[in-house]
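Order-wise, the sequence lines are chains A and B.
Using the working numbering, you'd call the opening residue of the first sequence number 140 and step up by one each time.
Using the working numbering, you'd call the opening residue of the second sequence number 140 and step up by one each time.
Where hints are given, some of them may not hold.
Note that identical chains are pooled: a pair holds if it fits in a single copy or bridges any two copies.
With a cut-off of at most 30 angstroms between alpha-carbon atoms, the simulated BS3-like pairs for lysine-lysine come out as follows [what the hints assert, rightly or not]:
no.	residue 1	residue 2
1	256	233
2	316	256
3	304	212
4	189	316
5	250	316
6	282	326
7	231	212
8	282	231
Hints listed in this document are in silico derivations from the structure and should not be mistaken for laboratory results.
Chain residues, written in single-letter form:
There are 2 protein chains.
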Amino acid sequence: MKEIKLSFAEENYLKAIYHLSGDDEQAVSTNAIADTLNTKAASVTDMIKKLSNKGVISYQKYRGVKVSEMGQKAALQVVRKHRLWETFLVEKLKFNWDEVHEVAEQLEHIKSPLLIKRLDEFLGYPKYDPHGDPIPDEFGEFKSKPRVALGDCIIGHEGVVVAVKDASAPFLQYVDKIGAYIGAKIKVIDKVEFDSSLEILIDNKKTVFISKEVSENIWITE
Amino acid sequence: MKEIKLSFAEENYLKAIYHLSGDDEQAVSTNAIADTLNTKAASVTDMIKKLSNKGVISYQKYRGVKVSEMGQKAALQVVRKHRLWETFLVEKLKFNWDEVHEVAEQLEHIKSPLLIKRLDEFLGYPKYDPHGDPIPDEFGEFKSKPRVALGDCIIGHEGVVVAVKDASAPFLQYVDKIGAYIGAKIKVIDKVEFDSSLEILIDNKKTVFISKEVSENIWITE
DNA sequence: AAAATTTTTTAGATATATCTAAATTGCTAT
DNA sequence: ATAGCAATTTAGATATATCTAAAAAATTTT
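Start from the sequences and build out the full structure, keeping to the hints where you can.
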């Protein structure tokens, strides 16, 4: 078993590719990576070659890339670190959930197995981060709660918010404003055919209209 | 007032120069910097030019460098972060004091004013780090406790360990072994003229012989 | 199936941070 | 005062991570 050493930039690329490939582990295109990382396709091609040489992705010219077994493990360790740090920032340092992403993007690259072990312990071995995403354990194992996007619910469906997809500050601030925090109870009241927007009831208290885009970024229990 | 943006490497150089210049703010030589950072003199010259252009040090060819007003402020913020992180690692994550330096070297470069503000708050605004070094506040202000190196004490002097100079793991482990932790009471029993080694009494319990080198790295109250 | 378009790659630059080897400057001892 | 040595700088490379512009391949449209 070889030691995989990745630079900050390499870790960022690998994580982006891991997230883009999704559960079905589809091949990821050069442009998709460039868009995610706000960089240019040419830069991606260069980096792809390096990651391929290190064996964390497999790459065929013009055919996109796939994350290898080894790459998945490495990516999950970065994800683990990111989500543990986000949890730390919210639980211990009283950050709002819309303030943590940028900082965690930096903290996730700190190299120290002991640090992560102790941080995990200090936080009480959390299973989910502040956005409801599962935190992989030291072996990369995790499980998501059964969930469905609000946009995919039928009228009348009732559930509790378990996660949000978009972790950007503007989106999370909006979610805060309407009160659809993690744990909030939501009932789908009505769906507008025309634009797929939804009318939802939050915590049995107030009714809110949300766009299709918003509805696709909030997950509730099935 | 200009924004000073420094890279990781630049911050490391600046911090090293700041530490090397000492209280008297002496000019620091290229070689001294190279030794501290385990790099080559040529690399130092390159970096010195960049730091000089950014105004954090003043530099005259062949004459060494001095830290500017601005540079001192920037250096102290890095020192502040380093020492707050070390405190966090020991106080909250139960690291030993000989395990924190390397990790803090990484953590000190994280850019987030909010993070440091909240960390400071979370730790209860500590004034000293686990090695007894003072933690600068957000304005760069700090004060050291009055102290004297064991090596400079006269026979009979008695005091409490307030700080250690060397922060390397081997040294700190040795200090642990003899029981000269911060807070331990120490009395200088005898001094050997020949090699300046010392016989000291620790916590009224045991007598230990320490070399000159060790005696220069442990500070006790005056 | 050929043409047009999009995607991806290559070629050649730029910027950072390093290095070795050679040249230069400063200091010291005779 | 100068010869020799030590410290410092310059010149020229290397490695990483980026970019723009042009070329090549794949895909889509006609």
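So, going through the hints one by one against the coordinates:
For the identical chains of this complex, residue 256 and residue 233 are neighbours both inside a copy (21 angstroms) and across copies (11 angstroms), given an alpha-carbon limit of 30 angstroms. In the homo-oligomer, the alpha carbons of residue 316 and residue 256 lie at most 30 angstroms apart only across protomers (26 angstroms), although the nearest pairing inside one protomer, at 35 angstroms, exceeds that limit. In the homo-oligomer, the alpha carbons of residue 304 and residue 212 lie at most 30 angstroms apart inside one protomer (22 angstroms), although the nearest pairing across protomers, at 40 angstroms, exceeds that limit. Within a single copy, residue 189 and residue 316 get their C-alpha atoms no closer than 44 angstroms, and across copies no closer than 46 angstroms, so neither meets the 30 angstroms cut-off.
Taking the closest pair of Cα atoms, residue 250 and residue 316 come within 30 angstroms of each other only across two copies (28 angstroms); inside a single copy the shortest separation is 37 angstroms, beyond that limit. Only within a single protomer do residue 282 and residue 326 lie at most 30 angstroms apart by alpha-carbon distance; the minimum there is 25 angstroms, versus 58 angstroms between protomers. For the identical chains of this complex, residue 231 and residue 212 are neighbours both inside a copy (28 angstroms) and across copies (28 angstroms), given an alpha-carbon limit of 30 angstroms. Proximity of residue 282 and residue 231 under a CA criterion of 30 angstroms is satisfied in both settings, with 24 angstroms inside one chain copy and 28 angstroms between copies.
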